[in-house]
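For the protein sequence lines, the chains are A and B, in the order given. Under the working numbering, the first residue of the first sequence is numbered 1, with each subsequent residue one higher. Under the working numbering, the first residue of the second sequence is numbered 1, with each subsequent residue one higher.
Bear in mind the hints are in silico, worked out from the structure with no lab data behind them. It cannot be assumed that every hint is accurate.
Here are the simulated PhoX-like cross-link-like pairs (lysine-lysine), alpha carbons at most 25 Å apart as the crow flies [unchecked claim]:
1. LYS10(B) <-> LYS10(A)
2. LYS243(B) <-> LYS10(B)
3. LYS85(B) <-> LYS113(B)
4. LYS257(B) <-> LYS113(B)
5. LYS85(A) <-> LYS257(B)
6. LYS10(A) <-> LYS243(A)
7. LYS257(A) <-> LYS243(B)
8. LYS257(A) <-> LYS113(A)
9. LYS113(A) <-> LYS85(A)
2 protein chains.
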Amino acid sequence: MDASPSNTTKRLTLLALPCVPLVQPGDDLAGLIRSALDASGETLQAGDVLVLAQKIVSKAQNRYIRLASVTPSDRAMELAEQVGKDPRLVELVLRESNSVLRYSRDVLIVEHKLGFVMANAGIDMSNVAQDGDGIVLLLPENPDAYCESLRQALASGIGGALGVIINDSHGRAWRNGTVGVAIGSAGIPALDDRRGDPDLFGRALMVTEVAHADEIAAAASLLMGQAAEGTPVVLVRGLHHAKRAGKASDLIRPRHKDLFR
Amino acid sequence: MDASPSNTTKRLTLLALPCVPLVQPGDDLAGLIRSALDASGETLQAGDVLVLAQKIVSKAQNRYIRLASVTPSDRAMELAEQVGKDPRLVELVLRESNSVLRYSRDVLIVEHKLGFVMANAGIDMSNVAQDGDGIVLLLPENPDAYCESLRQALASGIGGALGVIINDSHGRAWRNGTVGVAIGSAGIPALDDRRGDPDLFGRALMVTEVAHADEIAAAASLLMGQAAEGTPVVLVRGLHHAKRAGKASDLIRPRHKDLFR
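All chains, full assembly: derive it from the sequences and hints.
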């Protein structure tokens with residue numbers, strides 16, 4: 001039995017990029033990120049991962065909806081009554097979702113069209129400018145593809161792998177509080193299959209698939225905060241990931257394999 | 001409407017302490033951590049958080065069980081047949097749990113006596129030395145209290161708050177893969193209640209409780225890995241947390257408020 005603890009220092013650094021301006025619809029996020037990197041004196045290195053807050057991607061994609069423009073269906077009216085939410089918001093939640101999983105007073109858990117199980121289809125009103133009537137912000141469209149295009153735009157010149165993640169804060173079953181999770185991912189294995197890797201004692205691990213992109217998303221969330229921090233882009237340096245890249249959609253458990261729906 | 005993006009650099013550093021020896025039953029983890037800090041040339045600073053892998057706490061507490069010493073009950077025999085696991089392991093899972101929530105072939109989800117919903121009551125055989133018959137390792141006893149005693153042992157002399165977390169890798173509903181979560185916590189707010197904080201536009205956030213200790217646990221997990229990395233202690237530096245401290249048990253959603261049990 002021969003197990004060797006590590007004697008080398010492993011270090012992970014997360015840097016919240018300063019000087020990222022408030023994002024406007026149509027903004028080129030690759031350009032904004034390049035400028036923010038320049039302003040902070042950082043250059044991208046092979047192996048880096050950029051984590052973007054969902055909100056700035058939604059804003060760049062102009063995923064704003066004015067509530068006054070929404071006419072709630074009968075179903076939305078009825079559900080809104082039961083959960084105690086604005087019927088127009090509930091209408092948008094229904095339009096954005098495949099199905100409603102659970103609801104109770106103040107709680108509406110759905111399967112979003114992207115496959116993610118989450119509250120209110122990820123629609124929220126915080127950090128969204130409002131004047132007069134409410135404006136809400138939907139989740140990004142095609143977040144995995146968006147990450148991939150951003151990765152391609154930013155990876156040129158660094159001569160190695162770059163990861164791009166869009167994170168969002170999700171509630172969970174069983175545990176209080178939200179955590180950052182990946183809703184888009186490119187350039188890294190979102191789900192890291194370590195089955196078969198040797199453990200400290202040389203035996204193969206039996207069942208270990210690690211939600212690698214979710215752990216990165218959670219780590220970045222520590223710097224982004226939820227409130228007024230205004231740091232929506234985090235650079236993560238020092239990660240070691242398997243070469244094989246995947247998507248955040250790999251993190252969605254298929255309905256037929258989920259014992260908790 | 002006056003929103004100001006950040007102009008200051010925020011940085012978070014995670015350091016996997018080198019030179020942590022394989023932990024033996026009865027080991028003084030505070031002493032081992034002090035030695036590992038010395039070896040790496042690091043001194044604890046106010047605001048630091050130490051994250052310990054669950055396994056080393058279980059080992060220090062001698063939570064080993066030899067499977068040959070376990071006589072499975074009838075119920076364990078029956079359940080073992082249905083899930084396809086060793087009846088003695090299933091017996092231990094039942095002894096460690098309040099209730100069985102779901103099971104199917106290869107899957108056994110329980111509410112652990114500590115309150116955590118998890119697979120196999122957190123019992124595993126990976127990175128546990130075996131000779132002849134199987135030896136398994138149970139979760140630590142009183143992980144919150146263990147963190148608090150470790151915090152007290154290590155905080156003296158740093159003149160400020162120190163956080164201590166025990167992390168473990170848990171599966172989730174709805175999403176594939178495991179993520180690091182906190183099963184013990186002291187010195188920091190495990191659950192960070194930000195309701196009422198202003199958002200970028202000065203409005204109060206409506207529902208934001210952040211599972212702060214879980215996000216730290218996930219971040220540390222990126223450096224610990226699941227397999228042969230042998231780096232069971234991670235020092236996290238640069239976090240900003242509310243002064244109010246809490247426990248990992250704050251992260252457990254009460255059964256009557258959980259729509260997914």
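Numbered hints the structure breaks, given as an ascending list: The structure breaks only hint 7.
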